[in-house]
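Asker: Here is what each chain is made of, one letter per residue.
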Amino acid sequence: MIDDVRQAREAGLARVAAATSSDELRSVDAEVLGKKGPLSGLKTRLGGSPVEERKTVGQAINEAITAVQAALDARSAALGAEQTAARIAAERLDLTEVVGRQRRGHPHLSTQAWERLEDVFVGLGFQVAEGPEVETDFYNFEALNMPRSHPARSGFDTLFTDYHDDGTVLLRTHTSPVQIRVMQQIAPPIYMVMPGKVFRRDTPDATHMPVFHQIEGLVVDRNITMAHLAGTIDAFTKAFFGSGFSSRLRPNYFPFTEPSAEFDIRRPDGTWIELGGCGMVHPNVLRAGGLDPEVWSGFAFGFGIDRMARERHGVDDLRDMFSNDIRFIEQF
Amino acid sequence: MKIVLSWLNNLAPVGDDVESIAADLTQLGMQVEEVLHVGSTVAGVITARVLRTERHPDAAKVQRVWVEAGDGVERHVWCGAFNMQPDDIIPLATPGTAMPDGRVIEPRPILGIDSQGMLCSARELGLGDDHAGILILPVGTPVGVPYGEALGLQAETVFDIDLTRNRPDCWGHRGVARDLGAHLGVAVTPAVTDVAAGGEPRTAAVELVDGERCPRFTTIVLSGIRVGSSPEWIRRRLTAAGMRPINNVVDVSNYVMLELNQPNHAYDLDTLGGGGFRVRLASEGEQIATLDGAVRDLTADDLLICDANDVPIGIGGVMGGLDSEISESTTVVALEIAHFEQTAITRTMNRLGLRSEASGRFERGVDPYGMPNAQQRFVDLLRETCPDLVVHVGAADARHESLPPEHRPVSVRVSQVNRILGTDLDAPTITALIDPIGYVVTASHDDVLTVNLPSWRPDSTAEIDVVEEVARHYGYDKLGKAVPTSTEPDVTGHGRLSPVQLRRRALRQVLLGHGLDEVITDTFLSPSDLVAAGLPADAIRVTNPLVVGEDLLRPSMRAGMLKAIAFNESHRGTGVALFEIGHVYPPGDRSTELPPEYEGLAVALAGQDATAAMTLWRELVNTMGFGARVDQSLVPSGMHPTRSATLSIGRDVVGAVGEIHPDVIDAFEVTERIAWLELDLSRLLANEPKITQWKATSRYPSTDFDLAFVVADTTPAEKIDKAIRQAGGALLVDLALFDSYRGAGVPDGSRSLAYRLRLQAMDRTLTDAETAEVRSKVIAATTKLGAVLRT
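For the protein sequence lines, the chains are Z and X, in the order given. Oh and the first sequence: position 153 is 153 in my numbering, straight run, nothing missing. Numbers given in my numbering equal positions in the second sequence, counted from 1, plus 332.
It should be emphasised that the hints constitute simulated quantities derived from the structure, not laboratory data. From the three backbone atoms N, C-alpha and C, an ideal C-beta is built for every residue, glycine too. Please note that a few of the clues may not be correct.
[What the hints assert, rightly or not] Chain X side only, calculated, beta carbon under 10 Å to chain Z, not exhaustive:
#  : residue
1  : R497
2  : L753
3  : T755
4  : L811
5  : R828
6  : E850
7  : N900
8  : A909
9  : E925
10 : L926
[Said to hold, decoys possible] Covered stretches of chain X (chain Z as the covering partner; in silico rule of three or more C-beta atoms under 8 Å from a C-beta of chain Z):
#  : segment
11 : 502–511
12 : 791–804
13 : 813–819
14 : 831–843
15 : 872–886
16 : 915–921
[What the hints assert, rightly or not] Straight line, CA to CA, 20 Å or less: simulated DMTMM-like cross-link-like pairs of lysine to aspartate or glutamate:
#  : chain 1 : residue 1 : chain 2 : residue 2
17 : X       : K810      : Z       : D264
18 : X       : K895      : X       : D998
19 : X       : K813      : Z       : D234
Assemble the whole structure, with the sequences as input and the hints as a guide.
Answerer: Here it is, written out as C-alpha cells:
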C-alpha cells in the first residue's frame, strides 16, 4: 500500500506541475486532494489495515497531502504572478502619446493685473470700491475741482452722451468720481482703492486705448500728511514690484490734488518707470465729498492697470490685449 | 517749451552743468523731456573746394569728386549726390570723423578705389532737414577750416520741458530762471516798473469798449526804427527756441514773449487807422483775415482789436490781422501789450481751431502787471539795431475794473503747512523758501503769515497753493515716508474685498474651470450691430464719438461677443468658448439721473447647442447659489425661438439662456451654432448665497432602478422630474435623467426620458415591497401627466 501512496503522491505532484492556469489548478486541487481523490481513497482503505501499517501508511498519506498542497500553493502563486505580469505587460501606455487636451480658461490679461493690484492693496489695508462708468459732469469734473470753464478739462478728451439733453452725462474719464461717491457714502477713515474701466477720446495706438482700466487710491483720515502719501507709494512699490524697487515723488499738477506729484518707480538696475499721478486731496474736493478739510486730510493716487500687464508680459501693442483673439488670450 | 541755457544764464547765473540743471528742473516740476544741442558742429568736418567731378562707367548711383581743402592736396571722394559744380565750397568729413548719426568716416573703397572722406548734406550736419544734396556753402567761404567756424555757428543747449498747467510763468525764460535760481540760491535780474521815455509826447490812444474781456491794454510809441535783420545772437536764440527769425522788430517782439511770457504786438503807427485802438466784441458773422492768410468768421463772443476807425486789425490775444504787419518802410510803431480774459480766449481758440504762441500763453495765464518791464525790454533790445530809437512820452494804459488786483494777500498758517506736508517748518524757513519765487511774506503774526501772491502766478489763489510752493522748494524728497495708521484702530489692517467682489472672483474661477476664455469686447457699437444682434435699437448715444457711426453705448454684450466669435472663426478658431464680465448701459426711460447701468455676464459657446448653456447655468446655480425661473415661453429677442428661455426672479428679467437665433448667427457671418448665457450680475451677485447645511448620510444599503417614459414634446421634463420627486418622497435620495431618445419605437411628437432612481432609508434596509410601492407611485404620478412607461 505504501507504494500506492507514493504513486498517488507522484501523480498528484506531476499534475500540479503540469497545470498551466489557475482554473486547471483548482480542478487539480479538487481531483487530487478532494474527497474522491486517490489520497482520500487510500485513507479510507487504510481503515481495514493492521495497526502498524495504519501508522506508517497513514503518516505517508499525510505527508503526501502536505507535499501536494505545498506544490499547489507554490504553483498557484507562480501562476498568479505570471498572469499579473502578462496583464501589466499588455497594459503598457506611452505617456508621451496624449490625444486631445484638457481645456482650461484664460483670464484676460487686464483682469490678471487688476486682481494682483487689488490683492496687494488689500494686503496694505485697503478696501475696494466701485462705481458707475457712465457718470455725471458733477462727479467726473465739478466735484474734482474742475468747474465747467476749467481749462484742464480739455486734457481729458471726454466722451459725452445724449442721455440727458443738457449733455451732463458722460463716460467717466478716470475713476476719481468714485472717490467723491465714497466720501459721500462712507464716514472717514477711508482707505480705499478704486479700479475700473475709463474712457477717453483717444485714437488707439500701441500705448493708448480709448477704453482702458485704471486704479486709484484714496486715504482720508485725521492727520494724513504728504509723508504718508510717499510712504504708501513706497510700500505699494515694494509689495507689487519687489523689494529691490523704490519710488520717488516729483512735482506735477492735477486740479484735484494739491500739492500734486508724479510718482516714478526705480528698478533695481537704476532705470525709472513713470507710473502715475498722486497728491494731497484738494480742500475743494474734500468739501465736495462732504468733508471738512480742517478736520480731515487725505491723499490720492492713480495709474493704469493695463500697462502693468503690458510691461509684465512684454506685450508690444496694447491693441492686441483687446483684440479678443484666442491666439493671444490663450498665451496667458 | 524750449528753454535755452545761455538765455537762462543771462537772467540768473544758473551755471552750465547740463545734467544737474536738468535734474533740478525735473525735481522742481518742470520735467525735462529732452536735452537738445542745437548748432553744435561735427569735429573733423572742414570746408573744401570742388575741383572737378567725373562719372564712373560702372557706378550709376555715385560719382567721383576731387576736392581740395586748403592744403593744395587733391583728394578723391565718392559721392551719391550730383548737385555740386567745380569751385563750389562744400563740407568734407575727413576720415575718422564721427558723424552725429554714429557713423565713423572710413576710406571705404568702391570698385577698388578708396574714398578719402565724405561730402555732407545739411541734415547730416544737424543743420536742418535738407538731405536733397550736398550743402553748398556761400561763395567766398574760406577753404580748409572747420565748417562751424566758417559759418559762425555757436552751440546752444536747449531743455525741452513739459510744463504743467499751474506754471504759466515758465512759458517765459524768466519764470524758469526765477524758479531754478531760487533753488540754486541765485537771484534773477530785477524787473523794472516804468519804461524810460524821453521823446516828445505821442500817444496811441486806447478805447476799451468790452473791457471785461480785455482788462488792460497798454501802448507806447517808438520812433526812429529801421527795419532790418536782428543781431546774430537774437536770431540764434530764437532759432534754438523753435522760432523763425524774421526782422529786428518782429524778432524783438518774439524774444520778449519767450523771455517774459508777455505776448505783444508792434503796429506801424503810420498805417494804423486813426492812430489808436478800439477793443470790442465782434458782431455776429463779422470777418477778419488773420496773419496766416485765412479769413475767419467771428461770433459775438470773439474779441476784436480795431484801429481807432473801428476797422478790425486783430483777434484779441489770438492773432493779428493780415494787414497789421510792419513793413520794410516802418519807422514808427505802437507797441501794444495787453491782458485778456483767460476762459474767453480758450473759447475763441476752440471755436476757430486757432492756436498761436500768444493765445496759448493767454489761455494758461499771463502776468497782468508785467507790461512796463516788457516794454523796457523791447526798447533795450530794439535799440541794438536801432540806435536812434525814441521812446515817446504819452504811454497809454487803459484798464477795466475786472483787472485782477496787483496785490493779492492770502493768509497762510504755518501749522497748516506742516499739517499737510508732515513737516516741522517754522515761519522764517517757510519765508525763505517762497520769498525768492515772489511769494512775498508781508506780515507774520503767531501762526499766520500774510503772503502776497505774485501777479505772474494767476493759478495761485489760496493757502493750499502756497503750501505746494513750500513743498516744491523744500523738496518732495525731503518730506519723509511713513505708512499711515488710522486714528481709529479698528480700521487699520482691515483690507478686504467686499462679498460681491469675492463672489465675482469665485464666478470667474468657475467659468475658467469650465474652459472659458475671458474677453473684453467693444463698448461702442453701431446701430447696425444692434440690428444684426437682434436687439432693440434704443441705446444711449455718444455725441462726440471717436469713430463716426460707432456711437452707441452697448445695452448688451451680445454684439461684441458675436464679433469676437466671428473674428476667431475667420482665423481658424472654431469652437471657442468665451465669457465677459462687464458693464452694459441700457437707456431705460431716461427719467433717472444716470442710466440703469449694470454689471453683466455674457457667455458664448461656439459650436454648442442650448443644452450646453443650460448645463452651465445649472452649474452656476449649484456653485454660486444663483436662482432664477427658466421660462421658455418668453423668448429673449435675437435668440433661437424654440431653444431659448428667459431667466427671471419675480417679475424681473435677470438673464437669458439658450441659443443665438440662426438669423443673428448669419448676420455675423458665423457658421457654428452658439450657445448663449447672459446674466445680470448686479442682481445675482448681490444675494448672499445660503450656506449649505449638513445632511446625514444613511448607513443602510440603497436600491437603484431605472424607469423610462414616453413623454409628449409639449410636456417639459421639469414637470416629470417634479412628479417623480413628489411621488418618491423622502425615500428617493437621488434622481438623474440619463437619456433622452427620439426615433424608432417612440411615437412622433414625443421622446423617451430615462431616469435612474436611488431609494434609501435612514434607519433600515428597504424591503422589496417598499421599493415596489415607490415604483408604482412614481408610475402613477407620471401617468397623470400623460407619460407612458416603456417596458
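Asker: It remains to establish, for every hint, whether it holds in the given structure.
Answerer: Okay, the hints, checked on the actual structure:
1. R497: 5 Å, holds
2. L753: 5 Å, holds
3. T755: For X/T755, the interface hint holds, since the closest Cβ of chain Z sits about 8 Å away, which is under 10 Å.
4. L811: 5 Å, holds
5. R828: Check passed: Cβ of X/R828 comes within 6 Å of chain Z, closer than 10 Å.
6. E850: Holds - the Cβ of X/E850 comes within 10 Å of chain Z, reaching about 4 Å at its closest.
7. N900: 5 Å, holds
8. A909: 7 Å, holds
9. E925: 6 Å, holds
10. L926: Since the shortest Cβ distance to chain Z is 6 Å, the answer is holds.
11. 502–511: violated (count 0)
12. 791–804: Answer holds; 7 residues pass the 8 Å Cβ test.
13. 813–819: The restraint on the segment 813–819 of chain X holds, since 6 of its residues have a Cβ under 8 Å from chain Z and three suffice.
14. 831–843: Per the Cβ count (4), the hint holds.
15. 872–886: holds (count 8)
16. 915–921: It holds, with 3 qualifying residues against the three required.
17. X/K810 with Z/D264: Holds. X/K810 to Z/D264 sits at ~16 Å (cutoff 20 Å).
18. X/K895 with X/D998: 12 Å, holds
19. X/K813 with Z/D234: Status holds; Cα separation ~8 Å.
Checked against the numbered hints given earlier, the structure breaks only hint 11 and satisfies all the rest.
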